[in-house]
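First to last, the sequence lines map onto chains A and B. Note that the working numbering gives residue 32 to position 32 of the first sequence, counting from 1, and the numbers run on in steps of one. Note that the working numbering gives residue 95 to position 95 of the second sequence, counting from 1, and the numbers run on in steps of one.
If you are wondering where the hints come from, they were derived from the structure by calculation, not from laboratory data. Any given hint might turn out to be false.
[Claimed, not checked] With a Cα cut of at most 30 angstroms, we get these calculated BS3-like pairs of lysine-lysine:
id: 1; chain 1: B; residue 1: K261; chain 2: B; residue 2: K87
id: 2; chain 1: B; residue 1: K73; chain 2: A; residue 2: K73
id: 3; chain 1: B; residue 1: K261; chain 2: A; residue 2: K261
id: 4; chain 1: B; residue 1: K2; chain 2: B; residue 2: K261
id: 5; chain 1: A; residue 1: K270; chain 2: B; residue 2: K73
id: 6; chain 1: A; residue 1: K184; chain 2: A; residue 2: K261
id: 7; chain 1: A; residue 1: K73; chain 2: A; residue 2: K87
id: 8; chain 1: A; residue 1: K261; chain 2: A; residue 2: K2
id: 9; chain 1: B; residue 1: K87; chain 2: B; residue 2: K73
[What the hints assert, rightly or not] Chain B is nowhere near these chain A residues, computed Cβ spacing over 10 angstroms in every case:
id: 10; residue: L12
id: 11; residue: E26
id: 12; residue: Q44
id: 13; residue: Q80
id: 14; residue: A83
id: 15; residue: P98
id: 16; residue: M192
Think of the CB as a built atom: it goes at the ideal place given N, C-alpha and C, for glycine as much as any other residue.
Each chain, letter by letter, is given below.
Number of protein chains: 2
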Amino acid sequence: LKIHHDCYPCFLQQALRAARLTGADEAQQHVILQHTLALLQNMQPDATPPEIGYQVHQFVHEVMGNQDPYLEKKRLSTQQALALYPKLRSMIQQSDDPLALAMRISIAGNIIDFAMKDQIADLWETVERVIQQPYAVDDTAPFKAHLNSVNQVLFLADNAGETVFDRLLIEQLPVPVTYVVKSKPILNDAVMEDALAAGMDAECESIVENGSQSTGTILSLCSESFRIRFETAPLVIAKGQANYETLSSVGRSVFCLLQVKCPMIGEDLKAPMGSIIAGYFGFHP
Amino acid sequence: LKIHHDCYPCFLQQALRAARLTGADEAQQHVILQHTLALLQNMQPDATPPEIGYQVHQFVHEVMGNQDPYLEKKRLSTQQALALYPKLRSMIQQSDDPLALAMRISIAGNIIDFAMKDQIADLWETVERVIQQPYAVDDTAPFKAHLNSVNQVLFLADNAGETVFDRLLIEQLPVPVTYVVKSKPILNDAVMEDALAAGMDAECESIVENGSQSTGTILSLCSESFRIRFETAPLVIAKGQANYETLSSVGRSVFCLLQVKCPMIGEDLKAPMGSIIAGYFGFHP
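Isolated chain A (complex conformation) (with noise of 0.2 angstroms):
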């Protein structure tokens, strides 16, 4: 995805938010935000949202320093996820269709964002929609089939307490799961540390750090064995749209579970906001 002339307000917003959490007081503020202005204005025309979302949050690390402004955030999330895992994960056990059903609880702990507003919504009530409402995206059935003929699946996290969602679609998944994640914190995306707390050890074969700290999957931002990684996946499960927004046009197929809480993410999937999408995007498999 490619940036849009709306995303440029968003920047600024997204800048002053990042300033604001670090306590830059209004010169570090103002500092930050002309920082901004300077991107937005050399910008490479290809450049992707997350990539300039990178650059504006590696400035406020060089001008706050080093933090880690989303860390209480990020474990009070994986709280109240796990709150929500044993009465989710017998729902999943009694459903008719438990990887269907998985798959949709994953897709509904993708609420769980703070790129770009400083509240999320009311997880259960969240759950509650995502189980019953139509795919605005579908390729489900695909999936599947796919899921039927791999015999490793590569899955790319999206934020802390997500995690513990998507715990419980990797229970489902018949085949080993390598779970990614982030090496340095940014934002509310969940690095080793989020993993671990959501119990992902004991689900999953392994779990890497893709070697970046930005927002989805700057291919090359991450490390080399990373990068093999992806590239020799049968499957690639991504979640969220920074993952979307990065990956949809790297050339390989990558499938997608995600809301669309963006509106020129909407435009570019024709799904109006608030839509649930699992899609693969790349080449077919």
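Please build the complex by placing chain B on the supplied structure of chain A, with the hints as guidance.
Relative to the frame of chain A, chain B by itself:
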């Protein structure tokens, strides 16, 4: 009111909305956004939001030709307001305190504002809310006393359609009124045509232009003849946020009537969004 950091993203949104409303294609939108980024980088630290808005809209005019993109919206607003006029007038006439009610109705009309949104709220619902709502800033008592000590009023208009609601207030003022509109179209601000369409010529001693094409009242952009009126008028009533933003620290007392529709103005006034304000700013009479 000085420019707040939160105004930066808002200016980009306004630039984009103005560009699209004048039919700008992607390339023209890009030019307008880039120019706005440069404006934000080079702002004077004491600039007010309407001053930057003026520069943004001037540039849109330069790129797209001198259009009046809000012409149809303005005419429609006036029609909608005129449809309510007889009912509002009899409400005022039957009221125990016609002046107080007319003041609230004039403030209700301030909901007509396309600066930040493309749609306005329902006019009648707004009237019903505003006639009951407590004032967040209430200088109506000194205003009434002030009104009895002057022999004329200078009334600074805000938007087309709101003019009809202002007319209902002006009918209740015991002294001759000069109604002031913008000289050229900017957003949906009232120009001479809009004042006449509201029937203002029947109620005012005169209708004059302020010499400028900016929202609010940027004295340095106004005509010499208007500035003299402004400086010498014994009582100035100013409608809307932009007049508050540009006149709240000019060094003469101005009686502002407005609804709070911008979070930064709300912060400045210590009043939540949706508040109604009837207050003297500058020095008190």
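Here is how each hint holds up against the structure:
The hinted pair formed by B:K261 and B:K87 meets the criterion: a straight-line CA distance of about 26 angstroms does not exceed 30 angstroms. For a cut-off of 30 angstroms, the pair hint linking B:K73 to A:K73 is broken: about 44 angstroms separates their Cα positions. This hinted pair checks out: B:K261 and A:K261 have alpha carbons roughly 25 angstroms apart, not beyond 30 angstroms. For a cut-off of 30 angstroms, the pair hint linking B:K2 to B:K261 stands: about 16 angstroms separates their Cα positions.
With a CA separation close to 29 angstroms, the supplied pair A:K270 and B:K73 stays within the 30 angstroms bound. Distance check on the hinted pair: A:K184 and A:K261 sit about 24 angstroms apart at the alpha-carbon level, within 30 angstroms; holds. About 23 angstroms separates the Cα atoms of A:K73 and A:K87, which keeps this hinted pair within 30 angstroms; it holds. Using a Cα cut-off of 30 angstroms, the hinted pair A:K261 and A:K2 holds, with the two alpha carbons roughly 16 angstroms apart.
Distance check on the hinted pair: B:K87 and B:K73 sit about 23 angstroms apart at the alpha-carbon level, within 30 angstroms; holds. A Cβ of chain B approaches the Cβ of A:L12 within 10 angstroms, the least distance being about 4 angstroms, so the stated non-interface status is violated. A beta-carbon of chain B is positioned within 10 angstroms of the beta-carbon of A:E26; the least distance is around 7 angstroms. At the 10 angstroms boundary, the C-beta of A:Q44 stays outside the reach of chain B, the nearest C-beta of that chain being 14 angstroms off.
Here A:Q80 stays apart from chain B, with its beta-carbon at least about 28 angstroms from theirs, past the 10 angstroms limit. For A:A83, the requirement that its beta carbon stay farther than 10 angstroms from each beta carbon of chain B is met, with the minimum near 33 angstroms. Separation of A:P98 from chain B is adequate, the least Cβ-Cβ distance of about 44 angstroms exceeding the 10 angstroms criterion. The Cβ of A:M192 sits about 33 angstroms from the closest Cβ of chain B, beyond the 10 angstroms cut-off, so the non-interface label holds.
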